[in-house]
Amino acid sequence: MAKKKSSPDWEYASAPETTAVNIAKRYDHFINGKWITPSNKKYFATTSPSTGRKLSEVAEGSKKDVDTAVKAARAAYNGVWGKMSGRERGKYIYRIARLIQERAREFAIIETMDGGKPIRESRDIDIPLAANHFFYNAGWADKLEYAFPNMPAKSLGVAGQVIPWNFPFLMAAWKIAPALATGNTVVLKPAETTPLTALKLAEVIADAGLPDGVVNIVTGAGETGAAIVNHPDVDKVAFTGSTGVGKLIQESVAGADKKVTLELGGKAANIILEDAPIDQAVEGVVNGIYFNQGHVCCAGSRLFVQENIYDEVMWKLKQRMDTLVIGDPLDKNTDVGAINSKEQLRTIKRYIKEGVKGGADIYQPECDLPTKGNWCPPTVFTNVAQSSIIAKEEIFGPVLAVQTFRTVSEVIEKANNTPYGLSAGVWCDKGSRLFQVTGALDAGVVWGNTFNKFDPTSPFGGFKESGYGREGGLHGLGAYLDLPL
Amino acid sequence: MKTGNRACVTGDDFRNSPPVDHVGIVERAERFTTRSIKSITKRAGLNMVLNMIDLTTLEGADTPNKVRQLCYKAEHLHDSILGLPSTAAVCVFPPFVKTAREALGDNSLVKIASVATYFPSGHTTLKSKLEETRRAVSDGADEIDMVISRGRFLSGDYNYVFDEIAAVKEACGDARLKVILETGELATLDNVRRASDIAIHAGGDFIKTSTGKIASAATIPITLVMLLAIRDHYAKTGKMVGMKPAGGISKSKLALHYLVMVKETLGEQWLTNEWFRFGASSLANDVLMQVAKLESGHYQAAHYFSKD
Numbered sequence: 028m029a030k031k032k033s034s035p036d037w038e039y040a041s042a043p044e045t046t047a048v049n050i051a052k053r054y055d056h057f058i059n060g061k062w063i064t065p066s067n068k069k070y071f072a073t074t075s076p077s078t079g080r081k082l083s084e085v086a087e088g089s090k091k092d093v094d095t096a097v098k099a100a101r102a103a104y105n106g107v108w109g110k111m112s113g114r115e116r117g118k119y120i121y122r123i124a125r126l127i128q129e130r131a132r133e134f135a136i137i138e139t140m141d142g143g144k145p146i147r148e149s150r151d152i153d154i155p156l157a158a159n160h161f162f163y164n165a166g167w168a169d170k171l172e173y174a175f176p177n178m179p180a181k182s183l184g185v186a187g188q189v190i191p192w193n194f195p196f197l198m199a200a201w202k203i204a205p206a207l208a209t210g211n212t213v214v215l216k217p218a219e220t221t222p223l224t225a226l227k228l229a230e231v232i233a234d235a236g237l238p239d240g241v242v243n244i245v246t247g248a249g250e251t252g253a254a255i256v257n258h259p260d261v262d263k264v265a266f267t268g269s270t271g272v273g274k275l276i277q278e279s280v281a282g283a284d285k286k287v288t289l290e291l292g293g294k295a296a297n298i299i300l301e302d303a304p305i306d307q308a309v310e311g312v313v314n315g316i317y318f319n320q321g322h323v324c325c326a327g328s329r330l331f332v333q334e335n336i337y338d339e340v341m342w343k344l345k346q347r348m349d350t351l352v353i354g355d356p357l358d359k360n361t362d363v364g365a366i367n368s369k370e371q372l373r374t375i376k377r378y379i380k381e382g383v384k385g386g387a388d389i390y391q392p393e394c395d396l397p398t399k400g401n402w403c404p405p406t407v408f409t410n411v412a413q414s415s416i417i418a419k420e421e422i423f424g425p426v427l428a429v430q431t432f433r434t435v436s437e438v439i440e441k442a443n444n445t446p447y448g449l450s451a452g453v454w455c456d457k458g459s460r461l462f463q464v465t466g467a468l469d470a471g472v473v474w475g476n477t478f479n480k481f482d483p484t485s486p487f488g489g490f491k492e493s494g495y496g497r498e499g500g501l502h503g504l505g506a507y508l509d510l511p512l
Numbered sequence: 119m120k121t122g123n124r125a126c127v128t129g130d131d132f133r134n135s136p137p138v139d140h141v142g143i144v145e146r147a148e149r150f151t152t153r154s155i156k157s158i159t160k161r162a163g164l165n166m167v168l169n170m171i172d173l174t175t176l177e178g179a180d181t182p183n184k185v186r187q188l189c190y191k192a193e194h195l196h197d198s199i200l201g202l203p204s205t206a207a208v209c210v211f212p213p214f215v216k217t218a219r220e221a222l223g224d225n226s227l228v229k230i231a232s233v234a235t236y237f238p239s240g241h242t243t244l245k246s247k248l249e250e251t252r253r254a255v256s257d258g259a260d261e262i263d264m265v266i267s268r269g270r271f272l273s274g275d276y277n278y279v280f281d282e283i284a285a286v287k288e289a290c291g292d293a294r295l296k297v298i299l300e301t302g303e304l305a306t307l308d309n310v311r312r313a314s315d316i317a318i319h320a321g322g323d324f325i326k327t328s329t330g331k332i333a334s335a336a337t338i339p340i341t342l343v344m345l346l347a348i349r350d351h352y353a354k355t356g357k358m359v360g361m362k363p364a365g366g367i368s369k370s371k372l373a374l375h376y377l378v379m380v381k382e383t384l385g386e387q388w389l390t391n392e393w394f395r396f397g398a399s400s401l402a403n404d405v406l407m408q409v410a411k412l413e414s415g416h417y418q419a420a421h422y423f424s425k426d
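One line per chain: the protein sequences are R and F, in this order.
Residue 28 is where the first sequence starts when you use our numbering, and the numbers rise one by one after that.
Residue 119 is where the second sequence starts when you use our numbering, and the numbers rise one by one after that.
It should be emphasised that the hints constitute simulated quantities derived from the structure, not laboratory data.
All clues given are correct.
With the C-beta cut set under 7 angstroms, the calculated list includes, among others, these residues of chain R facing chain F:
1) Ala40
2) Pro304
3) Asp306
4) Thr350
Interface residues of chain F toward chain R, partial, derived using beta-carbon atoms under 8 angstroms:
5) Asp139
6) Gly142
7) Ile143
8) Arg146
9) Ser154
10) Ser157
11) Thr159
12) Ala162
13) Gly163
14) Leu346
15) Lys381
16) Glu382
17) Glu386
18) Leu389
Cross-link-like lysine-lysine pairs, in silico, DSBU-like; alpha carbons within 30 angstroms at most:
19) R:Lys345 x F:Lys160
20) R:Lys345 x F:Lys371
21) R:Lys399 x F:Lys156
22) R:Lys118 x R:Lys98
23) R:Lys98 x R:Lys68
24) R:Lys90 x R:Lys68
25) R:Lys81 x R:Lys376
26) R:Lys274 x R:Lys376
27) R:Lys118 x R:Lys480
28) R:Lys369 x R:Lys419
29) R:Lys376 x R:Lys491
30) F:Lys331 x F:Lys245
31) R:Lys399 x F:Lys160
32) R:Lys345 x F:Lys354
33) R:Lys274 x R:Lys441
34) R:Lys91 x R:Lys81
35) R:Lys274 x R:Lys419
36) F:Lys156 x F:Lys191
37) R:Lys359 x R:Lys399
38) F:Lys184 x F:Lys371
39) R:Lys118 x R:Lys170
40) F:Lys216 x F:Lys425
It should be emphasised that the depicted structure is a prediction, and the values quoted were computed from it without experimental measurement.
Where a beta carbon is used, it is the ideal one built from N, C-alpha and C, also for glycine.
With the hints as constraints, model all of the structure from the sequences given.
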């Protein structure tokens, strides 16, 4: 809003986090407590999306590698982990949680180098939350009979877990912690663009003295993931990723005796009603869509504003966007980091082009983007139609589509008019109306006067094509047990 | 020439001040504190902080000599470091305004601010408040820091509070008026917002958080609510209003976080002592210690800096 300048610019000097961390030149699979070279001897590079620089190379998992890992997990399940008392399991999981806390800074830096998200987020959100998931689930390990009264808390066996690139370390924790607490063993595959922190977690698991084979980490791309999902000796499949891949998994497990949870895409509605605290709502909109460059399945990518406050919301939103710092993710002042991969950047750019072509008005704050790496400025589209592609499809980038509405019933109908149903947000100062609207939204998580809040005690998951099953909380534990429900 | 903000009839109903979500404000406030201020930004920021300080002494035990010393310090913060600014103002009780004017003369860069309206409680008649204000101005005060009638405000008598501020503003003449909300007594952020709106519409040139005389003083969330009121007023009318957090800000790092908040909420045009002040007594020495450290590379002991 600075129209006249009477004072000199007071810009933030760069405040980079140091990168003195240990990243090996090459990583093998972590199977049966040891680092195992891939059977096909193939490796692939993992690069930093903010500089394009190669950070390391990791093993390409073949069917044979996956089979070795599943066999190790089965042996560990039958031999030790499946028989161990909950109290003993809990001790190991607590130990993992503490070791993560001790090395939190290192993991945050590597997460940011490998994935492109701002260090502020990996330091303040991803890594502490990951440790909390281990702490939370460790506490349940010896209390499962109280978590599910009058039901035998029987573990499933070997869990095959495939996780995405947007929250690499957090998703690994999110998947591994409940599996271990309930007595299952694990074969996990991190995403091909962000494998490093999962491999660092393997170091923690080794340091925690977890029995060999309880957690196995195999790296690779889609085919490696498919090999895990399709392996006949995997009892439980947990997948977080795109709806497209989720549907393939659904097909491939048909007829197999596998428990499945799928956490897929979203196109969340963020709704601002006329009496909302507007500045805080705008802050929530920014956190809802520009958090982690919009690479968030529950991102608030559709904004609905009541028409009589539209002008105020938009100028406040644009002003807030102008203060976002975009650039080097390792700088402690960066708010929006690098797009995770070239491929994803192409996808986002394609959608932005579609939006412009479709006649919507685009706004992007003026910012100097670095010349190397993958970058997209925070983007907002106004004058968007409910039927336009940018309002319908998941973009998975920092792109917000804004629509207005007049009545509450109108916005509920529009918000629910989507194949997705992962999350939603409502901003309103009046308690009764807040509950009226939140109750009418078809979404697994609905936030009131906040957005993108996560907690290990709270179940998370979707409706419709956003998947099924819940992770986190008691629901998340139940997904790893054979409960007579 | 009459300067600054004027009372205006806007048709605003202060019962309808916009709502404030406490959780959201606190979260946003925390984001400012994660900004990392380094090297040249830090040095420039520290200089700005010094230049925005209302160097304050408001004690029953104040003496003319203490006020003279304070005035000297305001103009000579630490002469062994070259290029330091003066503070924005000295802030004293009304009986010491004359002393301060004699000490500073008529051409000082340092303004004289005087608390008035029976600071800190405000418990007296409007007549007495206006008399005190006029006397302070005629004794040479450039700025008046008034307190609002919190009792009237909390009982919902918003018109009374508005009229009282407008009357004091009139009594100020050309002196700029800072309106102290004493946010520590207002209980909710909704009340802070409402009181800010009243003070701005009634003609306050600055809104100020606290007297510094009760335990709960300026905080980042409370200041943010007040800055947002200023910003909304500016967006509506194009008129700038100043902000002065007071009390509880004694460390450089915290002061820099306030500057970050002003920059990201109002824009850089507010980053001058015409529009932003710190009401503080011990902050200056902590900033001086940081500046000396930046200059020399090591910290000096506290006894190298004058205690006033």
